[in-house]
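Student: Protein chains in written order, with the working numbering: chain A, 1 to 205; chain B, 1 to 621; chain C, 1 to 107.
Hints were generated in silico from the structure; no laboratory data involved. Note that beta-carbon positions come from the ideal geometry of N, C-alpha and C, so glycine has one too. Heads up, some of the hints might be wrong.
[Unchecked claim] List of simulated lysine-lysine pairs, DSSO-like, C-alpha gap at most 27 Å:
#1 B:Lys329 <-> A:Lys140
#2 C:Lys22 <-> A:Lys60
#3 B:Lys50 <-> C:Lys15
#4 B:Lys329 <-> B:Lys302
#5 B:Lys50 <-> A:Lys97
#6 C:Lys19 <-> B:Lys50
#7 B:Lys410 <-> A:Lys190
#8 A:Lys190 <-> B:Lys329
#9 B:Lys410 <-> A:Lys97
[Said to hold, decoys possible] A short, non-exhaustive set of chain B residues, derived as facing chain C with CB atoms under 8 Å:
#10 Gln5
#11 Ile6
#12 Gly10
#13 Met11
#14 Ser38
#15 Glu143
#16 Gly146
#17 Ala222
#18 Gln358
#19 Pro359
#20 Leu361
[Stated by the list, open to error] Beta-carbon label-pair distances, calculated as ranges:
#21 B:Ser437 <-> A:Lys168: 44 to 50 Å
#22 B:Gln272 <-> A:Ala72: 21 to 27 Å
#23 B:Ser300 <-> A:Lys97: 50 to 56 Å
#24 C:Leu84 <-> B:Ser300: 52 to 58 Å
#25 A:Arg104 <-> B:Ser331: 33 to 39 Å
#26 C:Thr32 <-> A:Ala72: 50 to 56 Å
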Amino acid sequence: MADSCIQCGAELGVPPAFCHICGTIQPFRPELSLFAVVGLPASFDLDAQSLRERVLDLQKMLHPDRFAHADATKRRYSLEWSTRLNEALAILRDPLKRADYLLRAQGVDALGEQVKVADPALLMSQMMYRERLEDLLAAKDLQGLEALRTEVTAAGDKAIEKLGIFLKTLPCSQSAAAGAVLRELQFLDKLEDEIDRGEESLQNL
Amino acid sequence: MALMQIAEPGMTADPHQRRLAIGIDLGTTHSLVASVLSAVPTVMRDHAGKYLLPSVVRYLENDEVSVGYPALAAAGQDPHNTIASVKRFMGRGHADVQKLAGHLPYDLVPDEGMLRLRTRAGEKSPVEVSAEILRVLKALAVETLGAEPEGAVITVPAYFDEAQRQATKDAARLAGLQVLRLLAEPTAAAVAYGLDKKSEGLFAIYDLGGGTFDISILRLQAGVFEVLATAGDTALGGDDMDHAIAEWLIAESGSPQGDPVWRRQLLQQARQAKEALTEQEQVPIHLEREAGNSRALTLSRKQFAELIQPVLQRTLPACRRALRDAGLKVSDLDGVVLVGGATRVPALRSLVAEFFQQPPLTDIDPDQVVALGAAIQADALVGNQREDLLLMDVLPLSLGLETMGGLVEKIIPRNTPIPAAKAQEFTTFKDGQTAMSIHVLQGERDLVQDCRSLARFSLRGIPPMVAGAARIRVTFQVDADGLLTVSAEESSTGVRSEVIVKPSFGLDDAEIARMLQESFAHGAEDVSQRRLAEARVEGERVLEALQGALQSDAALLDATEQACLDAARQDLQQCLSGSDADAIQKAAEAVEAAAEPLVQRRMDSALQRAIAGRSIDDLGD
Amino acid sequence: MALTLSESAVQQVRKSIAKRGKGLGIRIGVKTSGCSGLSYVMEFVDTPNPEDMVFPHDDVSLFVDPKSLIYLDGTQLDFTREGLNEGFRFNNPNVKDSCGCGESFTT
Numbered sequence: 001m002a003d004s005c006i007q008c009g010a011e012l013g014v015p016p017a018f019c020h021i022c023g024t025i026q027p028f029r030p031e032l033s034l035f036a037v038v039g040l041p042a043s044f045d046l047d048a049q050s051l052r053e054r055v056l057d058l059q060k061m062l063h064p065d066r067f068a069h070a071d072a073t074k075r076r077y078s079l080e081w082s083t084r085l086n087e088a089l090a091i092l093r094d095p096l097k098r099a100d101y102l103l104r105a106q107g108v109d110a111l112g113e114q115v116k117v118a119d120p121a122l123l124m125s126q127m128m129y130r131e132r133l134e135d136l137l138a139a140k141d142l143q144g145l146e147a148l149r150t151e152v153t154a155a156g157d158k159a160i161e162k163l164g165i166f167l168k169t170l171p172c173s174q175s176a177a178a179g180a181v182l183r184e185l186q187f188l189d190k191l192e193d194e195i196d197r198g199e200e201s202l203q204n205l
Numbered sequence: 001m002a003l004m005q006i007a008e009p010g011m012t013a014d015p016h017q018r019r020l021a022i023g024i025d026l027g028t029t030h031s032l033v034a035s036v037l038s039a040v041p042t043v044m045r046d047h048a049g050k051y052l053l054p055s056v057v058r059y060l061e062n063d064e065v066s067v068g069y070p071a072l073a074a075a076g077q078d079p080h081n082t083i084a085s086v087k088r089f090m091g092r093g094h095a096d097v098q099k100l101a102g103h104l105p106y107d108l109v110p111d112e113g114m115l116r117l118r119t120r121a122g123e124k125s126p127v128e129v130s131a132e133i134l135r136v137l138k139a140l141a142v143e144t145l146g147a148e149p150e151g152a153v154i155t156v157p158a159y160f161d162e163a164q165r166q167a168t169k170d171a172a173r174l175a176g177l178q179v180l181r182l183l184a185e186p187t188a189a190a191v192a193y194g195l196d197k198k199s200e201g202l203f204a205i206y207d208l209g210g211g212t213f214d215i216s217i218l219r220l221q222a223g224v225f226e227v228l229a230t231a232g233d234t235a236l237g238g239d240d241m242d243h244a245i246a247e248w249l250i251a252e253s254g255s256p257q258g259d260p261v262w263r264r265q266l267l268q269q270a271r272q273a274k275e276a277l278t279e280q281e282q283v284p285i286h287l288e289r290e291a292g293n294s295r296a297l298t299l300s301r302k303q304f305a306e307l308i309q310p311v312l313q314r315t316l317p318a319c320r321r322a323l324r325d326a327g328l329k330v331s332d333l334d335g336v337v338l339v340g341g342a343t344r345v346p347a348l349r350s351l352v353a354e355f356f357q358q359p360p361l362t363d364i365d366p367d368q369v370v371a372l373g374a375a376i377q378a379d380a381l382v383g384n385q386r387e388d389l390l391l392m393d394v395l396p397l398s399l400g401l402e403t404m405g406g407l408v409e410k411i412i413p414r415n416t417p418i419p420a421a422k423a424q425e426f427t428t429f430k431d432g433q434t435a436m437s438i439h440v441l442q443g444e445r446d447l448v449q450d451c452r453s454l455a456r457f458s459l460r461g462i463p464p465m466v467a468g469a470a471r472i473r474v475t476f477q478v479d480a481d482g483l484l485t486v487s488a489e490e491s492s493t494g495v496r497s498e499v500i501v502k503p504s505f506g507l508d509d510a511e512i513a514r515m516l517q518e519s520f521a522h523g524a525e526d527v528s529q530r531r532l533a534e535a536r537v538e539g540e541r542v543l544e545a546l547q548g549a550l551q552s553d554a555a556l557l558d559a560t561e562q563a564c565l566d567a568a569r570q571d572l573q574q575c576l577s578g579s580d581a582d583a584i585q586k587a588a589e590a591v592e593a594a595a596e597p598l599v600q601r602r603m604d605s606a607l608q609r610a611i612a613g614r615s616i617d618d619l620g621d
Numbered sequence: 001m002a003l004t005l006s007e008s009a010v011q012q013v014r015k016s017i018a019k020r021g022k023g024l025g026i027r028i029g030v031k032t033s034g035c036s037g038l039s040y041v042m043e044f045v046d047t048p049n050p051e052d053m054v055f056p057h058d059d060v061s062l063f064v065d066p067k068s069l070i071y072l073d074g075t076q077l078d079f080t081r082e083g084l085n086e087g088f089r090f091n092n093p094n095v096k097d098s099c100g101c102g103e104s105f106t107t
């Protein structure tokens, strides 16, 4: 059954946050998935740019500033929808968080603390990356850091590509393999962050 | 009738529905107010044509307060009772400002909690001092608009934390302003630029005010102003340049320790020198410690640049951090906007141009740009604009909770777009534990002692369970103003506890209530003052009119009437020298009643003169 | 049928359009609303309506729809200052009665 507007009873579009007939904001629906909140089908294949534009278009209608003069109930709906839209953008625009969200939806917690990383080759490559980072920081080598970042970014892009293949059809049938790639990507993201921070602290010296 | 302004097509308001809204830039050194009039954002000028109100409040004898230029002029003579740069104290505790205290001539009340300044009018909180500035701006707005504004947007440095935002909101409330939104200053500047220039792209807003530094990276696209990252320093500003010059002057004068009055004079000389050096290559400074002991010095632009280099360099780490948080490089930026009077300094402009690899944009007066942007946003929020303007702001500093061992666990990281919410689960660590205390903190550091404590509250009534069995869900909700609500709930039983976070250094509701009451009491005084003034004017007008009538037509009254009128006149004259508005009003009415026969007969005789010599037919026309 | 702008009003309209950056002129009119029946409309004009009457004053044009003109004939639009408060005033000879503040009126 399609959702209907609390004010005029008209059928609501996607997402069901706003009535396009009478313009009334609708009660927040906490059970909706992040994909449903932005009105997109659940999929790993998603264009970050159009997602962003979509969310901002929705924010133009739902942001609390639009309800500065409305009653308390409508202000609350607006705050809840707007908060959830921000969360959807933050999670869905990031391939790591997006993949994690999709895997969790099918009950797989690849990044949880219980998961033990067992792949010795992966562990070895991570240790080597870390050692290189420490050496470059000790040598205050900004150019070397830049080269390392390029390498790490490329490895990350490769991991994202692999995730795209595993998550092509949902639910994912090879969730264990996808989880391993996810952990690799998480490591690479963190490393990139550390490179950034190291670079910044060298520049601020 | 009320004077009209030109509206945008289709946007003329219904009668009595005109929605007036103002934008206020409550600055460290200057404050100003603007509004959108006939579709154009405009700063409001006082009777002297000035739009910048020095953010200086002086407490005078007999409970009077002076704000602005007169207060600024008196700062040198009366430093303890003249509060300048109060914005630096907003939302701060006594301990926070110890670092500044050496520079400042104020008498700080050593006390836990919110900072207070001792003045001849009693102890004053920064919130109360700021409210005095806001009151003057509000009065200017009422006079300019011809009516009370419905609401105000007040700007705050992007980097203001919860406590500082809350203090600003409290000050506005105390000044009788309805706050529509607190808006980050750089965002306001971007709005003023964006709408004016119809530009799109990625912009850095470099905002060095009197006492705060902010850097924000924004994306402007299709009417949406999206803050991508913000960073800064709430204790760095143009005032620090003045202090740098003053330190140099003290060193040159050879008398290291100065009294407050001397220091204040030096700071004023330093500020004048700084301002002069934006135009001139060098400036003479005449140092006079006491009569007969004076020195003439010269400060060149180059020397000045060297003196302030440390201040300027301190802005760069924040610039790098903001760029990194936004995931951008300097070359990605389409423009750099300068905001704040201190950005007029040539050495600063060249540093900014060098760091960002492009000359900064300075088309809009850096003193006005923030207020103009705030006025545009205020106008949109009260519903006067049709264009889709949307400002998406971020949380400036991470929010977290205290965990075991005095550590802070971050719940919402800085630069998260707001509104934002985050829930986190915690558990009990002792068997049978029935209560849990929750300590909310803000800041980037890992230790509780290095972050700002925002609130402590406890969740009681947790059913006794073994350690680790309870599931306590703590939810942080940050609204569009950046203000926080924290709620906690035990999942298995639904025991709930909620606080609207009132930062430790904000005012509690009882204090606000007391101050509001006081301002109402003063308000009542103001009203009776006005009634008295009005009654006097009216009484004098009656006497004057009577005087004129008697001069020409006194003969129209008989002796009794004359005596009666004279008695009433004398009575009114006596009342006018007193201060009882009611008595004046009654006496004036008595005079008018006694003069009634005179007025009647004068009218009759005037009528007779007018119709003399005309026929009845003429009159019938 | 005539509508006039005072010299100060012409200057102010010209200045407002220049600051706003676009606009062919301003529209004045009346609409039914308010406590006394009618109220004034004053807006920038970006796209005129075909039935509009246009009254040019130097480089500034005044647009009025024919229905409003009945209530506005003979009106002089003035721009005045009262202390710090500035704005436009309608001097409309057709007004018989208006509410306290003059924002709405009857003819």
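Student: Hint by hint, say whether it matches the structure.
Tutor: Hints and how they fare:
The suggested pairing of lysine 329 of chain B with lysine 140 of chain A holds, with an alpha-carbon distance near 20 Å, which does not exceed 27 Å. Restraint check for lysine 22 of chain C and lysine 60 of chain A: the C-alpha separation of about 25 Å stays at or below 27 Å, so the hint holds. With a C-alpha separation of about 21 Å, the suggested pairing of lysine 50 of chain B with lysine 15 of chain C holds against the 27 Å cut-off. Our distance criterion of 27 Å between C-alpha atoms is broken by lysine 329 of chain B and lysine 302 of chain B, whose separation comes to about 31 Å.
For the hint pairing lysine 50 of chain B with lysine 97 of chain A, the CA-to-CA distance comes to about 53 Å; that exceeds 27 Å, so the pair is violated. Between the alpha carbons of lysine 19 of chain C and lysine 50 of chain B the distance comes to roughly 20 Å, so the proposed pair stays at or under 27 Å and holds. Using a Cα cut-off of 27 Å, the hinted pair lysine 410 of chain B and lysine 190 of chain A holds, with the two alpha carbons roughly 17 Å apart. Between the alpha carbons of lysine 190 of chain A and lysine 329 of chain B the distance comes to roughly 19 Å, so the proposed pair stays at or under 27 Å and holds.
Simply put, lysine 410 of chain B and lysine 97 of chain A have alpha-carbon atoms about 18 Å apart, close enough for the 27 Å limit, and the pair holds. The beta carbon of glutamine 5 of chain B comes within 6 Å of a beta carbon in chain C, closer than 8 Å, and the hint placing it at the interface holds. Satisfaction of the interface hint for isoleucine 6 of chain B is found here, the shortest Cβ-Cβ separation to chain C being roughly 5 Å, below the 8 Å cut-off. The closest approach between the C-beta of glycine 10 of chain B and any C-beta of chain C is roughly 7 Å, which is under the 8 Å cut-off, so the hint is satisfied.
Satisfaction of the interface hint for methionine 11 of chain B is found here, the shortest Cβ-Cβ separation to chain C being roughly 7 Å, below the 8 Å cut-off. At its closest, the beta carbon of serine 38 of chain B sits 5 Å from a beta carbon of chain C; the interface hint therefore holds under the 8 Å criterion. About 5 Å separates the beta-carbon of glutamate 143 of chain B from the nearest beta-carbon of chain C, less than 8 Å, and the hint is met. The interface hint given for glycine 146 of chain B holds, since its Cβ lies 4 Å from the closest Cβ of chain C, which is under the 8 Å cut-off.
With 8 Å as the threshold, the beta carbon of alanine 222 of chain B stays out of range of chain C, its nearest partner Cβ sitting at about 19 Å, so the hint is violated. Interface restraint check: glutamine 358 of chain B against chain C, minimum CB-CB distance 25 Å, threshold 8 Å, status violated. Because the beta carbon of proline 359 of chain B sits about 24 Å from the nearest beta carbon in chain C, more than 8 Å, this interface hint is broken. Given the 8 Å rule on beta carbons, the hint for leucine 361 of chain B is violated: about 18 Å separates it from the nearest Cβ of chain C.
Hint check: serine 437 of chain B to lysine 168 of chain A, Cβ distance near 49 Å, so the stated range 44 to 50 Å holds. Range check, glutamine 272 of chain B to alanine 72 of chain A: Cβ separation about 51 Å, and the 21 to 27 Å hint is violated. A C-beta distance of roughly 55 Å is found between serine 300 of chain B and lysine 97 of chain A, which places it inside the suggested range of 50 to 56 Å. Checked against the hint of 52 to 58 Å, the pair leucine 84 of chain C and serine 300 of chain B fails, with Cβ atoms roughly 42 Å apart.
For the pair arginine 104 of chain A and serine 331 of chain B, the supplied restraint of 33 to 39 Å holds, since their beta-carbon distance comes to about 38 Å. Between threonine 32 of chain C and alanine 72 of chain A the beta carbons are some 33 Å apart, a value that contradicts the proposed interval 50 to 56 Å.
In the structure shown, a violation is registered for the earlier hints numbered 4, 5, 17, 18, 19, 20, 22, 24 and 26, in ascending order.
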